[in-house]
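Asker: Below, each chain spelled out in residue letters.
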Amino acid sequence: MPAFPKQWLWGLIALAVFVPLLQPVLPDVVSNYRLFLVSTMIIAAIAVLGLNLLTGFNGQISLGHGAFYAVGAYTAAVLMDKLNVPYWLTLPCAAAVCFMVGYLFGLPALKLEGHYLALATFSLALAVPQILKYKWLEKVTGGVQGIVLNKPEVPFGIPLTEDQWLYYYCLITMLALFWAANNLLNSRSGRAMMAIRDYHIAADTMGIDTALYKTVTFGISAAYTGIAGALSASAIAFVAPDSFNLFLSIKFLIGLVVGGVGSLAGSVVGGIFYVLVDNSAQALSLFVKNDLGLQFDLSAYTIFGILLILLMYLMPMGIVGGVYLAVRRLRQ
Amino acid sequence: MAINRRTLVGGAAAAVVVGGGAYYLLRKDGATTVSSTSTAKKYDDGATDKEIKIGHTNPYSGPASAYGVIGKCIEAYWKSVNEAGGINGRMVKFVTLDDGYSPPKTVELVRQLVEQEKVLLTFNTLGTPTNTAIHKYMNQKKVPMLFVATGASKWGNPKEFPWTMGYQPDYHTEGVIYAKHMLANVKDAKVGILMQNDDYGKDYYEGFKEGLGKEAGRIAKHVSYEVTDPTVDSQIIQLKDSGANVFFNIATPKFAAQAIRKAADIGWKPAHYLNNVSASVGATMKPAGFENSQGILTAQYLMDPTDKQWEKHADMTLWRTFMNKYMPGANLSDAGYVFAYSVSFLMHETLKKCGDNLTRENVMRQAANHQKLKVPLLLPGITVSTSPTDFYPVQAVQLARFKGETWELFGDIMHAESS
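Protein sequence lines correspond, in order, to chains A and B. Per the working numbering, the very first residue in the first sequence carries number 1; after that it's consecutive. Per the working numbering, the very first residue in the second sequence carries number 1; after that it's consecutive.
Calculated directly from the structure, the hints in this document are not laboratory data. Misleading hints may appear alongside valid ones.
[What the hints assert, rightly or not] With a straight-line cut-off of 35 Å between C-alpha atoms, the simulated DSBU-like cross-links for lysine-lysine are:
# : chain 1 : residue 1 : chain 2 : residue 2
1 : B       : Lys42     : B       : Lys53
2 : A       : Lys139    : B       : Lys53
3 : B       : Lys142    : B       : Lys180
4 : B       : Lys352    : A       : Lys289
5 : B       : Lys79     : A       : Lys133
6 : B       : Lys180    : A       : Lys139
7 : B       : Lys187    : B       : Lys159
8 : A       : Lys151    : B       : Lys240
[Claimed, not checked] A short list of chain B residues far from chain A (calculated; beta carbon distances all over 12 Å):
#  : residue
9  : Val95
10 : Pro103
11 : Lys105
12 : Val107
13 : Ala184
14 : Asn197
15 : Lys202
16 : Asp203
17 : Glu215
18 : Ser234
19 : Thr252
20 : Gly282
21 : Thr383
22 : Thr406
23 : Leu409
From a predicted model like this one, the values you see are computed outputs, not experimental measurements. Built from N, CA and C at the ideal position, the CB exists for glycine as well.
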């Protein structure tokens, strides 16, 4: 992982904390909508971080993290809807449930390597929306109708708007999770995880319990993504099987690869990227059609695809890797 | 790069304190600037002397992208309105975005439309889960969410959701109508039901059961399929084996056609009720084979573009001229274009009636104030009526029987008041 100057990190965090407070002064720039959009980026960043722990730091490929995201979201939604659990308490619950699911899924996954594991997780992503509709679960999950929720209310009468609060709620969660991930990766366990990624047999020979580490990593990764799902349930205030289609898992993977595999900062960049590009691709295709007057009826996904190809061509190591290389070249 | 724990905690605490203080001060200053915009003028956000801004979401990509034609046609409709001078001299700016039929995306886009683009209203946003996701938000924001493109029965609830209105006859009501007709016309009915396993299928099913009332025991077999299934052959065989003599076909065109064909192949000849969703000659009856489709019953409220009896009808001629001019090359047998044209007309009329009072409140008042409005392409005799307590614009249907190569309407127009 390229070293990230500490002053920069603090600067960015300070910026993230203070800018939303400027809303009363610059209501058009720091609008509620933009704060909401940044919140969705933060949620995406957490989900991508979850996948990164598994793929980037432990070398196991997953195409099914949308499933864990869905499990997290539904855990939170059901708890809030049926049991009136306060929204902040749903995060640890979602994390626990997803850890269990991830751990259990990790056990059979031990037998699978590389592409086979990717396919197994892929099937998980396919199955989960169907399972949510299953008639025995319908009473709890609301079936195809989904569950409508309330947005998190601002606690203690703090003078913040709903969206500002949501933003801080997401931001605090993200900072805590990244801090925990950073500590984990710089510990014995983290080094073991990466050793497994780099050379499985060597790690085994050195006495690392590879089976245990791989399943636990699967669990932690699922828990991270599940927390992101729980946050999204609060942010969107609605869950339905249609929200968790196959493309969600692919998006996480795109975020991961574009941001930078095996980099914490890359997860953030990846999360920002996929929300931002997903949005601007549409704006761009409209711009080409309406303002430039070109008669290309490009769909947003065409533009998204072109951008991805360009990016992968110019920065094969993801945005963070690319920036790191560029900085190093400039210094020389 | 281990972060010193004490620095982190200390820094975070300091940030919160300073930030909170700064915010408190700024808020006092900023309070006056916020409230100055909404004095009692004739306009709300999205309307000016020159322009009316309308927001829209539609799946142009993803699993439901077949509905993309509706968005394209509505866009063309507003273009034609603008070329004819707009509405009371104002041009319509129609902002349509692709939500890919994903509820979280719809929330994000609709917030963009309402808060960034500042549209006056949203119109014909498509899909039941997607609209459910924004239902509460729109009503909290008090932004009209008009004539949504879904047949679920929950869109006409002015008491709890005074800013939301549907358009088409809801699935529930249609289900009731089939049940009533069946009870009156089929002796010793034993019903087999094929249902798409989602909200749309369930709405029909619940309506049908309600229509049966005490006779609910007449349902002999109820099977469902997923949109991802390749065929419904095995379901049809199960239905035949149950000994049913009535078949209620709640399926989208592709599956409805398969069901009709399979039933004919295995020699099952029940009284066949087909939901309106699949009543398209081009999309369902032709692929199923006309010889297999004879005698099938459905309920209609729009003119079918392939139906020869409307060929010379003034509405159809108008629509064809519009299509040829603004959507050249479009498939004229697609009923989606008929739907889009008629619903856009209703929006157009509503805005015309608002006159120069383009506040959101007035838009809702006018939308809930149509008396027997004739909307083009609705079947003759069906009109749009709404009131502050009736948020279901189209509520009448007429039964039709498939004969030869087209539908033949019969009986009276049926007005069903939804529960």
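Asker: A separate judgement is required for each hint: does it hold in the structure or not?
Answerer: Evaluation of the provided hints:
no.: 1; hint: B:Lys42 / B:Lys53; verdict: holds, 15 Å
no.: 2; hint: A:Lys139 / B:Lys53; verdict: violated, 41 Å
no.: 3; hint: B:Lys142 / B:Lys180; verdict: violated, 38 Å
no.: 4; hint: B:Lys352 / A:Lys289; verdict: holds, 29 Å
no.: 5; hint: B:Lys79 / A:Lys133; verdict: violated, 41 Å
no.: 6; hint: B:Lys180 / A:Lys139; verdict: holds, 29 Å
no.: 7; hint: B:Lys187 / B:Lys159; verdict: violated, 41 Å
no.: 8; hint: A:Lys151 / B:Lys240; verdict: violated, 48 Å
no.: 9; hint: Val95; verdict: violated, 9 Å
no.: 10; hint: Pro103; verdict: violated, 5 Å
no.: 11; hint: Lys105; verdict: violated, 8 Å
no.: 12; hint: Val107; verdict: violated, 5 Å
no.: 13; hint: Ala184; verdict: holds, 32 Å
no.: 14; hint: Asn197; verdict: violated, 6 Å
no.: 15; hint: Lys202; verdict: violated, 7 Å
no.: 16; hint: Asp203; verdict: violated, 10 Å
no.: 17; hint: Glu215; verdict: holds, 24 Å
no.: 18; hint: Ser234; verdict: holds, 17 Å
no.: 19; hint: Thr252; verdict: holds, 14 Å
no.: 20; hint: Gly282; verdict: holds, 23 Å
no.: 21; hint: Thr383; verdict: holds, 31 Å
no.: 22; hint: Thr406; verdict: holds, 33 Å
no.: 23; hint: Leu409; verdict: holds, 32 Å
Comparing the model with each earlier hint shows violations of hints 2, 3, 5, 7, 8, 9, 10, 11, 12, 14, 15, 16; every other hint is respected.
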